[in-house]
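Chemist: Chain by chain, the residues run as shown.
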Amino acid sequence: MNELSPTVLKPESTHPTGWGGIVADWSSDQRAFRTASWGKAMMWIFLLSDTFIFGTFLISYMTVRMSTVVPWPNPSEVFALEIGGHHLPLILIAIMTFVLISSSGTMAMAVNFGYRRDRRKTAILMLLTALLGAAFVGMQAFEWSKLIAEGVRPWGNPWGAEQFGSSFFMITGFHGTHVTIGVIFLLIVARKVWRGDFDEARPGFFTSRKGRYEIVEITGLYWHFVDLVWVFIFALFYLW
Amino acid sequence: MAQSNATHGDTQEHPIRLYLVVWVWLFVLSACSYMVDYFGLVGYLRWSLILLFMALKAGLIIAVFMHMAWERLALSYAILLPPAVLLVFVAIMVLESHYTLFTRLAFFATG
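Protein chains in written order, with the numbering used here: chain A, 211 to 450; chain B, -5 to 105.
Heads up, a few of these hints could be off.
[What the hints assert, rightly or not] Using 25 Å as the maximum straight-line C-alpha spacing, the simulated SDA-like pairs for lysine to any residue come out as follows:
#1 K356(A) x F384(A)
#2 K331(A) x P9(B)
#3 K402(A) x P413(A)
#4 K331(A) x L50(B)
#5 K331(A) x I56(B)
I should point out that these hints are in silico values taken from the structure, not numbers from a laboratory.
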């Protein structure tokens, strides 16, 4: 056996960076994502696939909107509300945006306290995130009921191009489903954090494997992604 | 962003202040995009502002909240490059919808 000289065996901390690092990580028959655990890497890959789902929804919305000969309903007016005698355009959507961004902020801090092993603060911030998420879904339910009452259907609406309704229900419905699943996911993980599962290495109910605080960050990745999708929906569907 | 102040193993520990600053920026940028609609800006100014605020918000969320700025490039590129291909899809569908609109105007625009 030819012994490698000690200088060739680099310690783990001196991985090459930049393009050299990408080539080194993806080659040499090793794990490509050196510093990311499998759980985090798989969540990222799931989010990548979800990006394509929402991407195709938004692209199909663009296509029907660009190709219709009937004027598109003005979202600024469709989603306007009268509050205290003032006519405010798009106000509900703006509030929903701020609620979702706040939930992202609390989630980011929950992840931070999770890595500091602060059980109490992590659980409270996750519950607050779930509460804001539930508020978002509630406002969306209000928005849907209002539009349905005004006669918006997937096949038509009182103001213009029929495709408005189908795009609206499809895109916001899929996003709302994601938020709802996220709230459930948050509640499950928050309960585990609160009970101290990750400090006592308690086996999970489904896989019987010990959980780690990293699951808080993985939950956070999903939650931030839901917020991220809303950034695009807000800009491209509501503001455009 | 600096690799040094970040990764201990695979955990992410940053000062809380960083998250608060990003949170405030996200609020400001959202308020700005709402103002675009509130003041009724139109045309290229409206579209460029909307897309600018959208891109800045998305960048902040991905880089800081999702910690992409501290991951190794092998992961970042594997996740961030494939969605860029969607832009090709957008370009194809723009051409397609121009053509659909043209045929509709040319053959069905009587009624």
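Chemist: Is K356(A) close enough to F384(A), meaning Cα to Cα at most 25 Å?
Modeler: Distance of about 18 Å is within 25 Å: holds.
Chemist: Is the straight-line distance between the alpha-carbon of K331(A) and that of L50(B) 25 Å or less?
Modeler: 29 Å, violated
Chemist: Is the Cα-Cα distance between K331(A) and P9(B) 25 Å or less?
Modeler: Answer holds: K331(A) to P9(B) is near 15 Å, not above 25 Å.
Chemist: Below or equal to 25 Å on CA atoms is what counts here, so check K331(A) against I56(B).
Modeler: 23 Å, holds
Chemist: Hey, K402(A) versus P413(A), does the alpha-carbon distance stay inside 25 Å?
Modeler: 11 Å, holds
When the structure is compared with the earlier hints, a violation turns up for hint 4 alone.
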